[in-house]
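**Q** Chain residues, written in single-letter form:
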Amino acid sequence: MIKLENVSFKYENAYVFENLSLTVKDGEKVGIIGESGCGKSTLLKMIAGLNIPTSEEINVDGEKDPEGIIKKVSVVMQSPMLLPLSIIDNITMGHDHDEERIEKIIEAANLKKWTDSLPDGLNTYLGDRADELSGGQAQRIAIARAMFKDAGILLLDEPTSALDGENAASVLEAINRFTSDKTVIHVTHRREHLNGYDRIFMMKDGKLIEA
Amino acid sequence: MNKSVFKILKDLGLIRLFTGILLLRLPFDFLSAVLKANILESFIRLSEQGNSADLLRTFGIFLLLSVLLFGYNVSIWATVSIKADMLLQKKLREKLLNNMLSRTGTGMEKYSPGDWVTRLNNDVDRVNDYLTTPINFMHVAIASFNMLLSSVVLVILNSRLYLLTILVTVPFFILSSVVIIKKIPLYRKKAQESYADYTNWIVPIIESSDAINVFEGEEIVLKKIEEASKTIMKENVKAHTLTAWSSFFNIISGNLGYLLLLLFGNSMMGTGINDYAELAKITQYRGEIMKSIMCVNAGLNGMKGNVSSAKRLEEVFTEEK
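Going down the list, the sequences are from chains A and B. Counting with numbering that gives the first Met the number 0, you get residues 0 to 210 for the letters of the first sequence. Counting with numbering that gives the first Met the number 0, you get residues 0 to 320 for the letters of the second sequence.
If you're looking for bench data, these hints aren't it; they were derived computationally from the structure. Predicted model, so just to flag it, every value in this text is computed and none were measured. Beta carbons are placed, not taken as given, at the ideal position from N, Cα and C, and that holds for glycine. Some hints could be false.
To be verified - Here are the simulated lysine-lysine pairs, DSS-like style, with alpha carbons at most 25 Å apart:
hint: 1; chain 1: B; residue 1: Lys222; chain 2: A; residue 2: Lys148
hint: 2; chain 1: B; residue 1: Lys222; chain 2: A; residue 2: Lys70
hint: 3; chain 1: B; residue 1: Lys310; chain 2: B; residue 2: Lys233
hint: 4; chain 1: B; residue 1: Lys181; chain 2: B; residue 2: Lys237
hint: 5; chain 1: A; residue 1: Lys28; chain 2: A; residue 2: Lys70
hint: 6; chain 1: A; residue 1: Lys203; chain 2: A; residue 2: Lys24
Stated by the list, open to error - Reference listing, derived: stretches of chain A covered by chain B, where coverage requires no fewer than 3 residues with Cβ under 8 Å from a Cβ of chain B:
hint: 7; stretch: 71-84
hint: 8; stretch: 89-98
Chain A on its own, in the form it takes in the complex:
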């Protein structure tokens, strides 16, 4: 369960949001919509333990310490944040893995057809210009990375905003495939991407209003 009670966050002396409360039950899927710059991403990063609240605290599965919270969540951000490593290292981040599980993840992330076409397959080095992969490929690698971590909570920050319709659909399909039993908070400005979600909030003027 994720619990925020009267949490505030200040950036350069101005509050991004103040006294914000939100409770997300285990397995619940929550969407947050709002205009650009309203603080949705800041809130998501705070839930992930990447931003420290200015006042009060966050409780994620009983964990209040940001370092502990980070261990309990997976994130897929707007930018896939790939590193100059091979595809497999970008997915596993150098952690031990078994081939069978990786195969399943590659399949579920809609990466198999593409990686099979590469001469070095999953060992293809993404190089110093990992950002030059197509947006869809890069984002699917980021999703595969989130699948590999297999945390109970998945935080999505506009994962399809830079993608065209077909790629966005493919990425959303990959996300939905592995989140059936997970707690999800999905931040987006496109409400149609939140179909089937349990609750949807609108973020405006630093407040969350159930839509």
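Assemble chain B onto chain A, guided by the hints.
**A** Using the frame of chain A, we list chain B on its own:
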């Protein structure tokens, strides 16, 4: 001067300026050598004669000449050279930036972002070092000029001693300043390439720090960065080792020269020499030759270490954008 450095200077329109500075600085070491040799000769001679009045007057003259000579040298370094140094860096960075800005996307992709940063910062600095900082091109030229003219003086004063000096130093000079340091540019080039790899990690670390945190990627990132920095160190150590060997043979050459001088030089030095004062003057010129050879060797080491950067910049300037 290396042809890549010459071409860069020519393209920047700085050949005349650097030639001017070089010509102004060129005679310094030799003039200093002449001054020192004559100070020694005069002081010893006047002391032997017990002529204290002339000794004081001579001291005053040499002091004045030394101050003027060093003042002249410092003025050139401090004003003209520093201005030339700044102008070179400014023009070279501008040229490289203009080259980058006029490139197509594919042209930019020829080098990684880290490689561009390395060329723009480190390589430009090294070309500047080659041309303006001590123990590089300028010192090699000045020391070579001193070596040449001191050799002429020594040949005139005592050709046998000159021959003995050359017989010992030339083989060692070839070994230490030509053969041993030959591979330094290659190792420095590899070090610069690894430096570029290392720099390539900076942007992803900044941009992907959240992903590194959430997915606990610190270990693999640190491992990869360590690999890049190890290669930099490895290549630099190889270059330093060659420099050390080069310096070792240079020192051996100097010491062996002294030993031979002690063993066989007595009769040679005595030939045609009137007094101890003249002998001191002659050995001073011999010392200047040895000092210049050491300086040329050290300077060549410095130049070899920096020349790969000039080649890396020339590569960018000459290829299709």
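**Q** Lys310/B and Lys233/B were given as a pair; does the straight-line alpha-carbon distance stay at or below 25 Å?
**A** The given pair, whose Cα atoms are some 21 Å apart, holds under the 25 Å limit.
**Q** Check the hint pairing Lys222/B with Lys148/A against an upper bound of 25 Å on the C-alpha distance.
**A** holds (20 Å)
**Q** Checking one constraint from the list: CA of Lys28/A to CA of Lys70/A, max 25 Å. Satisfied?
**A** holds (20 Å)
**Q** Is the coverage entry for the stretch 89-98 of chain A by chain B consistent with the three-residue Cβ rule at 8 Å?
**A** holds (count 3)
**Q** Taking a Cβ-Cβ distance under 8 Å as contact, does the stretch 71-84 of chain A have three or more residues in contact with chain B?
**A** This one holds; 10 residues, not fewer than the three required, reach chain B with a Cβ under 8 Å.
**Q** Given the hinted pair Lys222/B and Lys70/A, is their Cα-Cα distance within 25 Å?
**A** holds (21 Å)
**Q** For a C-alpha distance cap of 25 Å, please report whether Lys203/A and Lys24/A respect it.
**A** Satisfied, since the Cα-Cα distance of roughly 23 Å is no more than 25 Å.
**Q** Is the straight-line distance between the alpha-carbon of Lys181/B and that of Lys237/B 25 Å or less?
**A** holds (12 Å)
The structure agrees with every numbered hint stated previously.
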